[in-house]
Amino acid sequence: MARVFFQDVTKRFGRVFAVRELTLEVHDQEFFVLLGPSGCGKTTALRIAAGLEEPTDGDIYIGDRLVNYVAAKDRDLAMVFQNYALYPHMSVHDNVAFGLRMRQYSRSEIDRLVREVAETLGIGDLLNRKPGQLSGGQRQRVALGRAMVRRPQAFLMDEPLSNLDAKMRVQMRTELVRLHRKLGATFIYVTHDQVEAMTMGQRIAVLNDGTLQQVGPPQEVYDRPANRFVAEFIGSPAMNFLEGGVVRENDRDGIRTPEGFLALPDAVSAEIRQQGVRSFVVGIRPEHLTPVAEQAAAAFEGTADLVESLGSEQHVTVALKETAIVVRLPSSPRIERGATLRLAVAPEHLHLFDAETQLRVGP
Amino acid sequence: MTAAQQSSRIAGVAQRWLRRLPAYAVLTFCAALLLFPLYVTAVYSLHPLTEFLNEGVPSLWPSNPQWSNYFKSGSGVSNTPIGRFLFNSVVVAVVITAAQLVTATLSAYAFAFLRFPGRNVLFVLFLATMMVPLEVAIIPNFQTIQWLDHHFRTQAWLSWTQITWIDGYPGLVAPFLATGFGTFLLRQAFLSIPGELRDAAEMDGYGHWRFLLFVVVPLARGALATLAIFAFLQAWNQYLWPLLVTNDPDMRTVQIGIAAEASDVSRINIAFAGTITAFLPMLLLVVVFQRYLVRGLFGGSVKG
Ligand SMILES: Nc1ncnc2c1ncn2[C@@H]1O[C@H](COP(=O)(O)OP(=O)(O)O)[C@@H](O)[C@H]1O
Ligand SMILES: [Mg+2]
Chain A
186 MARVFFQDVT KRFGRVFAVR ELTLEVHDQE FFVLLGPSGC GKTTALRIAA
236 GLEEPTDGDI YIGDRLVNYV AAKDRDLAMV FQNYALYPHM SVHDNVAFGL
286 RMRQYSRSEI DRLVREVAET LGIGDLLNRK PGQLSGGQRQ RVALGRAMVR
336 RPQAFLMDEP LSNLDAKMRV QMRTELVRLH RKLGATFIYV THDQVEAMTM
386 GQRIAVLNDG TLQQVGPPQE VYDRPANRFV AEFIGSPAMN FLEGGVVREN
436 DRDGIRTPEG FLALPDAVSA EIRQQGVRSF VVGIRPEHLT PVAEQAAAAF
486 EGTADLVESL GSEQHVTVAL KETAIVVRLP SSPRIERGAT LRLAVAPEHL
536 HLFDAETQLR VGP
Chain B
2 MTAAQQSSRI AGVAQRWLRR LPAYAVLTFC AALLLFPLYV TAVYSLHPLT
52 EFLNEGVPSL WPSNPQWSNY FKSGSGVSNT PIGRFLFNSV VVAVVITAAQ
102 LVTATLSAYA FAFLRFPGRN VLFVLFLATM MVPLEVAIIP NFQTIQWLDH
152 HFRTQAWLSW TQITWIDGYP GLVAPFLATG FGTFLLRQAF LSIPGELRDA
202 AEMDGYGHWR FLLFVVVPLA RGALATLAIF AFLQAWNQYL WPLLVTNDPD
252 MRTVQIGIAA EASDVSRINI AFAGTITAFL PMLLLVVVFQ RYLVRGLFGG
302 SVKG
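Order-wise, the sequence lines are chains A and B.
Under the numbering used here, think of the first position of the first sequence as 186, with each following residue one higher.
Under the numbering used here, think of the first position of the second sequence as 2, with each following residue one higher.
The hints are simulated quantities; they were obtained by calculation from the structure and are not laboratory data.
Among the clues, some could well be false.
To be verified - Result set (EDC-like, lysine to aspartate or glutamate): computed pairs, CA atoms no more than 20 Å apart in a straight line:
1) A:Lys-367 / A:Glu-304
2) A:Lys-258 / B:Asp-150
3) A:Lys-506 / A:Glu-479
4) A:Lys-315 / A:Asp-261
5) A:Lys-258 / B:Glu-203
6) A:Lys-506 / A:Asp-490
7) A:Lys-315 / B:Glu-197
8) A:Lys-367 / A:Glu-215
9) A:Lys-258 / B:Glu-197
Let the hints inform the model, and build the full structure from the sequences given.
Here it is in structure tokens:
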């Protein structure tokens with residue numbers, strides 16, 4: 186059993202709260218992603234789990250064991266570091282074997298284990314090289330090998346792909362997922378890259394400013410962001426936001442924004458009445474805006490200001506009266522700069538956030 | 002290649018050399034200026050004594066080289082052979098070097114890898130000791146050694162150790178076993194070792210001692226070599242301190258021994274030979290480890 190459980194964990198550096206009252210359960214054998222912008226406390230949380238950092242407050246459990254006072258080496262975890270942390274003066278073989286040397290393995294056994302891991306990772310013919318003679322992707326594999334060779338219960342990875350080029354990163358992403366399936370160990374994976382989080386994580390936790398924002402499967406977090414921060418952080422291009430208040434027009438409840446009227450689904454308007462929230466921030470994902478022909482059906486009207494073509498699709502920045510919104514459209518028909526666009530959005534695709542608390546309102 | 006092409010290429014090379022000529026002229030002049038005393042010493046060390054007793058300046062050319070000068074040395078006052086001086090110097094320099102490597106490694110490790118209250122204040126204090134010139138510290142140091150010597154001679158619970166401070170190796174090396182400079186030099190080198198390596202080693206079950214031994218020392222070997230050379234050179238070239246704490250000719254270091262020899266005019270050529278003898282090990286050291294001397298002082302010696 187290698188669930189990892191943070192209970193009310195707080196870490197303070199002087200006056201800075203790196204992690205605040207974090208309660209989080211990572212299930213056994215799960216690929217769990219900690220996601221958040223730089224400086225939000227991801228690394229600190231990981232280091233606390235690893236035993237490299239002591240929490241100011243709170244408890245850490247691995248399995249059912251309280252490990253607050255257990256040394257890092259005795260927690261049966263392995264860590265993969267952002268900059269690989271390979272020992273530059275040792276060969277790949279010795280780097281991978283380094284952790285075994287402290288654990289009473291015989292020389293031949295160490296050799297066998299190192300070779301086995303190297304085969305799995307496809308670095309079998311690099312064993313005699315020094316880290317300085319390897320490419321970024323190869324170094325990454327060596328770092329993984331060093332973690333794997335001890336067969337730990339859980340892997341802690343701190344932005345392991347951030348130093349790779351874009352193509353290598355995509356390749357390593359699938360390799361890591363495959364590795365996770367094969368090893369059947371718990372993975373806690375830290376990243377600031379929401380694409381990595383969405384594609385790799387079975388569940389993700391979004392952190393901001395040391396505070397947990399939301400935990401859930403990636404699709405759920407994407408579809409129902411718990412607050413404005415999560416809504417804005419996840420998704421690319423980012424969600425559009427408009428401010429407005431509730432009004433009743435033509436017998437329908439809706440939000441009146443400076444740019445137009447947005448009708449709400451009945452279920453949402455009922456809940457809003459109940460909660461008594463007055464001013465809102467409305468979030469609309471770029472892919473949920475669709476061009477329409479007649480003015481009557483459109484929520485917004487504006488002119489295309491910037492067209493970014495990605496080949497498979499185009500991202501159009503549409504200038505409205507006061508703000509601009511981004512729309513994600515198929516690559517044809519091609520939108521010309523300056524063209525007038527009328528955009529509609531289905532009521533069920535509106536995300537409502539309380540303007541004051543920034544929390545999600547409605548289902 | 003046509004003749005015209007070839008001649009234009011030669012012209013190009015000549016031009017390049019011509020442009021560099023002033024710089025080389027200046028450098029050659031400076032080198033000559035610096036090496037001249039050394040040259041004179043070398044030549045004088047080969048002259049027969051008569052050369053110095055004649056009227057006028059001794060010749061600047063070894064017209065009648067006396068290699069035997071190199072085997073005759075030994076203080077006129079005490080008859081101590083120069084071998085004994087050299088031996089003393091080697092013992093002192095080796096002990097000081099080894100001790101500085103150990104003390105500086107340990108203190109630099111603490112400053113670079115451990116978090117403890119007062120770390121920065123303490124480090125500034127270490128740095129401050131670098132500002133104190135040897136001459137300022139020499140009297141208090143001497144008094145300390147004298148005090149130690151006195152107690153080790155007179156108190157029964159100390160005297161059984163047979164440690165002699167005045168006229169003994171302990172007194173010769175004691176003030177130089179640890180230096181702020183060594184700590185500073187190694188701390189800088191250790192700081193360039195990524196903290197992630199320490200974390201990785203900790204996860205692998207390597208404590209501070211093993212991490213120091215298996216990771217830090219191999220990675221900082223350039224800086225360690227630099228420190229070793231500096232410590233050795235400094236210890237070897239010491240004059241004032243060994244003069245102060247030794248009276249027994251048998252305990253003198255080579256620099257003092259040569260000075261004593263030079264005070265006897267009838268052995269002046271032998272003193273010059275001794276100077277060259279004392280200088281050769283240093284020359285060898287500097288030539289062999291030149292790159293550590295330069296690199297250690299002027300940049301990251303760890304990155305590799
Ligand atoms: N050793 C430390 N000393 C002081 N402050 C730290 C230390 N480690 C992290 N912090 C602070 O804690 C916050 C979270 O840092 P970190 O966990 O590294 O964030 P992330 O990995 O999400 O970028 C930051 O504000 C950072 O400056
Ligand atoms: Mg980080």
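Hint by hint, here is what the structure shows:
Note on Lys-367 of chain A and Glu-304 of chain A: the hinted pairing holds, with a Cα-Cα distance of about 14 Å set against a maximum of 20 Å. Straight-line distance between C-alpha atoms of Lys-258 of chain A and Asp-150 of chain B comes to about 49 Å, which puts the hinted pair past the 20 Å bound. For the given pair, Lys-506 of chain A sits about 19 Å from Glu-479 of chain A by alpha-carbon distance, which is consistent with the 20 Å threshold. For the hint pairing Lys-315 of chain A with Asp-261 of chain A, the CA-to-CA distance comes to about 27 Å; that exceeds 20 Å, so the pair is violated.
Pair hint Lys-258 of chain A plus Glu-203 of chain B holds up; C-alpha atoms about 7 Å apart against a cutoff of 20 Å. Among the hinted pairs, Lys-506 of chain A with Asp-490 of chain A is consistent with the structure: their alpha-carbon atoms are about 12 Å apart, no more than 20 Å. A hinted pair counts as satisfied when its Cα atoms are at most 20 Å apart, and Lys-315 of chain A with Glu-197 of chain B qualifies at roughly 18 Å. Taking the CA atoms of Lys-367 of chain A and Glu-215 of chain A, the gap is near 12 Å; set against the 20 Å cutoff, the hint holds.
Taken as a hint, the Lys-258 of chain A and Glu-197 of chain B pair is honoured in the structure, with Cα atoms around 15 Å apart against an allowance of 20 Å.
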